[in-house]
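These protein sequences, in sequence, are chains L and P.
With the working numbering, the residue at position 69 of the first sequence is 69, and numbering never jumps.
With the working numbering, the residue at position 103 of the second sequence is 103, and numbering never jumps.
Check before you lean on any hint, since a few could be wrong.
Stated by the list, open to error - With the C-beta cut set under 10 Å, the calculated list includes, among others, these residues of chain L facing chain P: (1) E109; (2) V194; (3) S283; (4) M285.
To be verified - DEER-style ranges, computed between Cβ atoms: (5) S290/L to P185/P: 40 to 50 Å; (6) S23/L to A288/P: 35 to 45 Å; (7) G104/P to S290/L: 26 to 36 Å; (8) E78/L to Q143/P: 36 to 46 Å; (9) G104/P to S23/L: 25 to 35 Å; (10) D291/L to A190/P: 29 to 39 Å; (11) A366/L to Q143/P: 23 to 33 Å; (12) A190/P to S309/L: 58 to 68 Å.
Claimed, not checked - Derived coverage of chain P by chain L (criterion: at least 3 residues anywhere in the stretch with Cβ under 8 Å from a Cβ of chain L; other residues may be distant): (13) 62-76; (14) 113-125; (15) 164-173; (16) 289-295.
Read the hints as simulated data drawn from the structure, not as lab findings.
Quick caveat: nothing in here was measured; it's all calculated off a predicted structure.
For glycine and all other residues, C-beta sits at the position ideal for the given N, C-alpha and C.
There are 2 protein chains.
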Amino acid sequence: MKRIAILGSTGSIGRSTLSVAESYPDRFQIVALAAGSNVDAAFEQARRWRPRVLSMAAEKDADRLRSRLKIEGLAATEVVHGSAGTVQVATHPEVDFVVSAIVGVAGLEATYEAVKAGKALGLANKECLVAAGELITTEARKQGKPLLPIDSEHNAVHQCLRGGRVEEVDRIWLTASGGPFLNTPASKFAEITVEEALNHPTWKMGRRITIDSATLMNKGFEVIEACRLFHIPPAKVEVIVHPQSTIHSMVEFVDGSILAQFSVTDMRLPILYALTYPERIPSDMRFAVSDLRHLDFCPPDLKKFPCLSLAYEAVEAGGAKTVALNAADEVAVAAFLEGTIGFNDIPRIIETVLDATESGKLESIAEVLAADAEARRSAHERVAGSGRSARKVGRPKATSFA
Amino acid sequence: MKRIAILGSTGSIGRSTLSVAESYPDRFQIVALAAGSNVDAAFEQARRWRPRVLSMAAEKDADRLRSRLKIEGLAATEVVHGSAGTVQVATHPEVDFVVSAIVGVAGLEATYEAVKAGKALGLANKECLVAAGELITTEARKQGKPLLPIDSEHNAVHQCLRGGRVEEVDRIWLTASGGPFLNTPASKFAEITVEEALNHPTWKMGRRITIDSATLMNKGFEVIEACRLFHIPPAKVEVIVHPQSTIHSMVEFVDGSILAQFSVTDMRLPILYALTYPERIPSDMRFAVSDLRHLDFCPPDLKKFPCLSLAYEAVEAGGAKTVALNAADEVAVAAFLEGTIGFNDIPRIIETVLDATESGKLESIAEVLAADAEARRSAHERVAGSGRSARKVGRPKATSFA
């Protein structure tokens with residue numbers, strides 16, 4: 001029986017994890033949950049799973065949940081809140097395995113504490129590797145505990161890597177769907193609307209990650225994650241466009257053999273893999289191999305998608321640069337979604353923030369969070385100075401990138 | 001330093017093995033060679049590699065080689081001959097690893113003796129698994145020594161299997177190029193010429209294996225080999241047509257993950273893999289992943305290619321049936337190549353031989369060879385009774401399959 005904590009239990013990955021646990025009641029026990037602000041969802045999860053502890057983001061939500069649970073006679077679940085509450089969930093002594101799936105930097109501290117407490121980790125939170133990857137992977141190595149990626153690409157790489165040792169890897173090939181603008185000419189990029197950008201061809205995802213897929217920044221983040229997760233230099237991580245997203249990623253070994261992984265596009269599969277590794281257990285998530293017909297590939301167009309190059313630059317420099325890349329992207333994407341800036345402004349803003357960021361190793365989560373805050377401030381400033389609203393009042397666009 | 005014996009050193013796999021050894025002089029030492037009847041080639045190999053022992057098939061060729069080596073001052077290589085000579089090569093006390101690449105049943109005894117002597121084995125000889133697979137794999141398990149497949153499909157499966165345990169395998173998917181008649185309508189099969197059948201789209205190979213690829217019997221043999229090599233029932237081995245032959249094979253695990261292996265189509269790659277397993281060492285056999293564009297797949301047409309179904313039938317029954325399948329195919333293909341029978345007669349002859357063969361486990365190589373001789377006799381009889389030559393003298397075709 002594996003005893004599980006989920007950071008981000010009411011989000012998409014959290015709910016998928018619970019769905020996996022539901023399918024294998026003899027294998028998994030849900031011990032601790034950290035939810036966000038959805039009290040109704042948290043209440044249902046508490047009723048179904050009876051965790052030892054459940055944390056809400058805000059104190060008032062924790063209070064509401066506690067009252068409702070008391071009324072239902074479910075007071076055995078301790079309700080806590082805030083970042084201290086999340087850490088309590090992540091480090092609960094009865095927990096073996098922590099699923100880290102809080103979106104954004106909010107999950108960093110608790111994830112780091114989980115690793116320090118010797119928990120095995122399933123990682124779905126991008127920031128854990130993009131912003132704090134050096135800290136977290138170093139600590140996991142020290143603890144001798146596995147870091148198992150819960151996203152289709154890195155999970156695929158993890159599976160392919162079983163075919164050899166990390167020192168025998170020549171290249172990691174991350175596949176990219178290419179997003180909705182794979183075949184859109186560069187000349188039309190400036191006019192891309194929010195609606196067009198939210199229309200991802202393969203995956204149904206949250207709004208930020210969908211835009212990140214449209215700019216290929218998401219693939220850039222994945223390059224950084226791969227470097228940190230597998231201790232591979234950026235020069236050994238490549239991206240190849242594969243519009244069907246059937247093959248989730250590939251590993252090329254030094255002898256010339258390449259292993260590729262594919263499966264249905266269902267997040268429960270990498271979750272199941274992470275929860276049961278090194279075992280594999282039967283699932284109903286079957287890919288109909290006999291229906292396989294065509295797989296297409298092409299190289300990515302770095303001119304159309306400068307975000308990908310920015311990610312390589314950031315990870316080459318390391319430390320604060322990757323923190324800034326993520327923070328600036330989050331701010332820029334939010335501004336694009338609000339209609340404040342255009343599609344092409346996203347990489348422009350990120351680039352200027354990146355250029356203004358000093359590289360250098362970050363020694364603690366506090367330093368990561370400080371670098372993150374600074375990059376956000378800087379990005380907001382540039383959004384304000386370069387956006388459509390600014391242009392509307394007549395400021396020339398060029399000056400904001402001087 | 002791995003010390004190697006090659007059974008079939010002057011054949012295609014033998015020469016490729018020596019080419020691999022040539023590229024890594026610090027890793028591999030050639031200790032013993034078994035050649036066929038090509039004295040010139042054997043002489044050059046003896047001069048280049050200075051093996052302890054070299055065996056020729058015939059005594060007169062051994063005598064000629066011995067004289068030539070003596071003249072050149074290379075008498076340190078002991079020259080032997082015949083099946084006893086081949087066994088001496090296969091069981092040489094200084095040998096760690098035996099590459100079994102003699103075509104046909106001639107290599108069976110020596111390969112079995114190598115396994116019994118505790119050698120690690122690289123298997124390129126189809127008959128070792130199709131005809132004597134149960135004996136050889138059982139012995140290898142007993143010895144605790146690896147059996148490493150030296151052919152692109154099973155080598156690919158071996159690599160993919162590193163991603164899990166054999167008990168976690170749901171399906172092995174062997175890819176098939178589909179051969180030259182993938183898109184030929186069944187109605188034209190009776191008129192297929194030898195020249196057309198020898199024109200394989202992907203691989204340059206010997207004449208028999210090229211015809212076996214055209215009938216898909218080669219894929220049928222590979223199904224049998226996979227069952228024996230990986231201890232998997234026939235129901236778990238599937239064939240999928242993949243005309244580019246880029247992906248060499250795939251393994252589907254019970255959790256729904258599929259691993260696929262691809263590489264350049266160069267036999268030196270599986271040889272290198274087998275010789276260095278579990279290590280991987282750098283090679284110049286690079287697949288240009290960034291040039292990857294399209295991969296196509298479709299299910300095999302069992303009506304057009306009945307040989308594939310015959311192979312499943314034979315392996316389900318086991319024992320003497322797979323021996324008969326191989327023997328009857330060899331005789332039928334030879335008859336087709338001589339123009340004695342038509343393309344569609346190949347599966348017909350095999351089927352009648354198979355039907356006439358009792359199933360039952362074979363307990364020794366001698367029993368395998370006896371079953372092989374009996375099946376050949378039976379196949380020759382049917383060729384004589386059903387061939388074009390027979391039809392030319394007016395015998396009705398139907399009677400020969402009564």
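Here is what the structure says about each hint:
1. E109: Where the cut-off is 10 Å and the nearest Cβ of chain P is about 32 Å from E109/L, the hint is violated.
2. V194: violated (32 Å)
3. S283: holds (5 Å)
4. M285: holds (4 Å)
5. S290/L to P185/P: 40 to 50 Å: For S290/L and P185/P the Cβ distance comes to about 22 Å; the hint is violated.
6. S23/L to A288/P: 35 to 45 Å: Cβ of S23/L to Cβ of A288/P: about 41 Å, so the range 35 to 45 Å holds.
7. G104/P to S290/L: 26 to 36 Å: holds (34 Å)
8. E78/L to Q143/P: 36 to 46 Å: violated (58 Å)
9. G104/P to S23/L: 25 to 35 Å: violated (51 Å)
10. D291/L to A190/P: 29 to 39 Å: Between D291/L and A190/P, where Cβ atoms are some 32 Å apart, the hint holds.
11. A366/L to Q143/P: 23 to 33 Å: violated (58 Å)
12. A190/P to S309/L: 58 to 68 Å: holds (59 Å)
13. 62-76: violated (count 0)
14. 113-125: violated (count 0)
15. 164-173: holds (count 6)
16. 289-295: With 6 residues close enough to chain L, the hint holds.
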